[in-house]
Amino acid sequence: MKNKKFVYFVLIPIFLHMLIFIVGPIIAGFAISMMDYNPLRDTNSFVGLANFKQLIGDPVLMKALTNTLMFVGVTVVLNIAFSLMIAQLVSIFKSNKIRAFFRMAFFLPCVAPLVASSVVWARSIYPTATGLANMMLKTIGVNPVNWLGDPNVLMWSIIVFTIWVDIGYNIILFSAGIDGIPTNFYEAAEMDGASAWHKFRFITLPLLGRTMTFVIIMTLISHFQMFAQFSVMVLKSGPQNSGLVLTSYVYKMAFELKNMGYASAIAVLLFAIIFIITLIQQKIQKVDWDY
Amino acid sequence: MKLKRKKIKPIYIVLFIGLFLISLFMILPFFWMLSNSLKSTKEILLDPKHLIPVNFTISGYVKVLTKSPFFYWLRNSLFITITNTTVILLTSTIVGFVFSKFQFRFKKTLFLLVLATMMVPSHTSMIPGFLLINALGLYNTAGALIIPSFVNAFGIFLSKQACDDIPNELIEAARMEGASNWSIYTRIVIPLIRPTIGALTIFTFLNYWNDYLNPLIMINDIKKMTLPLALSYFSSQHTADLSATMAASALIMLPVIAVFLLFQKQFIKGIATTGMK
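Protein chains in written order, with my numbering: chain A, 1 to 291; chain B, 292 to 568.
In isolation and in its complexed conformation, chain B is listed as follows:
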């Protein structure tokens, strides 16, 4: 037994080093972005090979924060993302509760309809979506990115599955005691499906924070852009200013990465249990 252990150990170390090198490769682009964001554009162009900047400078960050409407973009992104996440959490959980714990006509058909909409790629409905927003006079407004997002099929599906795990007896008992449906929803359902709500919050938030396609077709005005659209716009406008482009990229990525590092466990568990993207 002892002999065997001695044999295995070097393999573990080699394996660890191998995986460690691959994970360095995964992190390297972020490190490179940070490093370049702290160099001057001159250094990036003339002497690019240093992993650590030779002359540290925050001029890239200063330029992004003072010469572009960065705080408008941040505010737009925050407003749209927070509104969408809040509304989707509310609609998803309450509809999931209704589909799980109530009997009504066409229940199966309606639920299948919800599921069917998930199958359609966004590029198929994007053109009429754009025409509709235009007709409603919402083009170039935050409403174009909020109003169509109130209902989320995947959120409904996940919430229904979570509600299916709540014993019917519990709901019946509460009803016997005269609880209204609303108070069953807020006092029993919500607390019991909290893990699903957590996962749904993280992914809805990321989904809208990172969304690019919808802002791209719905927003035209620079001050009304969200961060991802603004970054792609900024980088195409400042192709020569690499330092500022990297600083802008870093400013968009860092909040998300910080949130991820804080809620790592929930993230990983959320994906593993829901398969959500």
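In isolation and in its complexed conformation, chain A is listed as follows:
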């Protein structure tokens, strides 16, 4: 009886709060995606799937979607490749001090506020005339690049920035995974004369399966939702919308153009993408990775 009271005492306020501030807005998000909703108007009408029909024929949305897929695809692949490589190389050192030093250096950009890092890169590294990037290129004789103004370069500049900013997390996760592999596997391989590459290819990589799935899924989900660097580094969607991604399109549509119905439809699309990735994760996780 005492326990029941305690449970109610704790859960009722918590779930009321969740209902109002978390679950409610999620459901309302889907509802608004089926309305022609402008917050400045008194009445907003239900339009069914009209917003979603509009999505299909919207060239700007197609641009934002392809930009997002390109950004996420390239960034996640490079992020995983680099972070796995660096984690593996760092783990070769036996000294804890050396390991800690490298992990700290690689993790530093992850703790700094993303907005502040974006401002630093946009205003002191990427500027064409005074930026650090072009000055470094100049010393090796490469012509200056218009990092944030050239529609063919803009997304790549953000990709480089995002890898720099986010790689530390995955290095830590891979390092933990690598440290968790029993050393006797490697000892056995060494007795058979396996090379470092073979040890990585046939022991580390397969045994890292569970970490790998987790890291790939989490990185995918978080990169689809990246927003701050686009908001800071991209001026007005970039030339020819080259810097527009789904998140910045939702923001622009909802808060600059006040078309919240259509913005919600784009947000539902973003949700659908992340939902599919989560479903895939659920499927994969059922596979037994134990060793």
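Some hints here could point you the wrong way.
Unchecked claim - Straight-line C-alpha distance at most 30 Å; calculated DSSO-like pairs for lysine-lysine:
#: 1; chain 1: A; residue 1: 236; chain 2: B; residue 2: 560
#: 2; chain 1: B; residue 1: 398; chain 2: A; residue 2: 2
#: 3; chain 1: B; residue 1: 398; chain 2: A; residue 2: 286
#: 4; chain 1: B; residue 1: 560; chain 2: A; residue 2: 97
#: 5; chain 1: B; residue 1: 300; chain 2: A; residue 2: 97
#: 6; chain 1: A; residue 1: 199; chain 2: B; residue 2: 398
It is worth saying that the hints were derived from the structure and are not from the lab.
Following the hints, position chain B against chain A.
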């Protein structure tokens, strides 16, 4: 054996130097920010190539601290972050305890509901969230960034997992001796899940300290901004004043980096064990 060692050593050195150069690249943007924040804007524009400022000046910092409401921003950020972190720690651990150690109806369904909310991207619920805050009259107040954050699904999930490791016998024994649920929570649960609380504190703190999207849609008044929003606003208002922009960036980053360097081990361990971002 000796021969083998001599062969390996140069590889280690090359590897170390290689990794060291990459880590210099990781740190370089911070160094460049500091360096530029200590230059005059004139030097940044006319003679930008020096890694170390030719003429040191703190005029950028002076400008940020005296010509902008920096201390309002700092106070707002501190107030919102500390309040949210404290409340989330309390709600997460107590709800985690309830889900882990009590039996009640719909327990599984409710817990699944908590987990399901984590899957939804913030951009999907942000528009109704904004409308709700507006309807409650909280737009442009610190409450807009605090009240919706009282409950955190990931915190609940982590705390429940930590509580699952506490043996049931321990809780039962305390009950036998007449301990109330509240005192079991404060005297047994809290001390035993301390590592999780540590990790959760660090990440909740960082999460709200660095948050940009919510302040961006909820706050309009300059004096009510938090630091990240204020920085992006400041840098767009002072595009010509690079020295002050870099100084403002440095002022926002340094506290976080200092905290990170102090609690490095906990940070790294926290991520490795929870996979938290």
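Tested hints:
This hinted pair does not check out: residue 236 of chain A and residue 560 of chain B have alpha carbons roughly 40 Å apart, beyond 30 Å. Only pairs whose Cα atoms come within 30 Å are accepted, and residue 398 of chain B paired with residue 2 of chain A is accepted, the gap being roughly 17 Å. With a C-alpha separation of about 23 Å, the suggested pairing of residue 398 of chain B with residue 286 of chain A holds against the 30 Å cut-off. A threshold of 30 Å between alpha carbons decides the hint, and for residue 560 of chain B with residue 97 of chain A the separation of about 15 Å falls inside it, so the pair holds.
Of the supplied pair hints, the one linking residue 300 of chain B and residue 97 of chain A holds, its CA atoms being roughly 18 Å apart against a limit of 30 Å. For the hint linking residue 199 of chain A to residue 398 of chain B, the alpha-carbon distance of about 46 Å lies beyond 30 Å, and the restraint is violated.
The earlier numbered hints that this structure contradicts are 1, 6.
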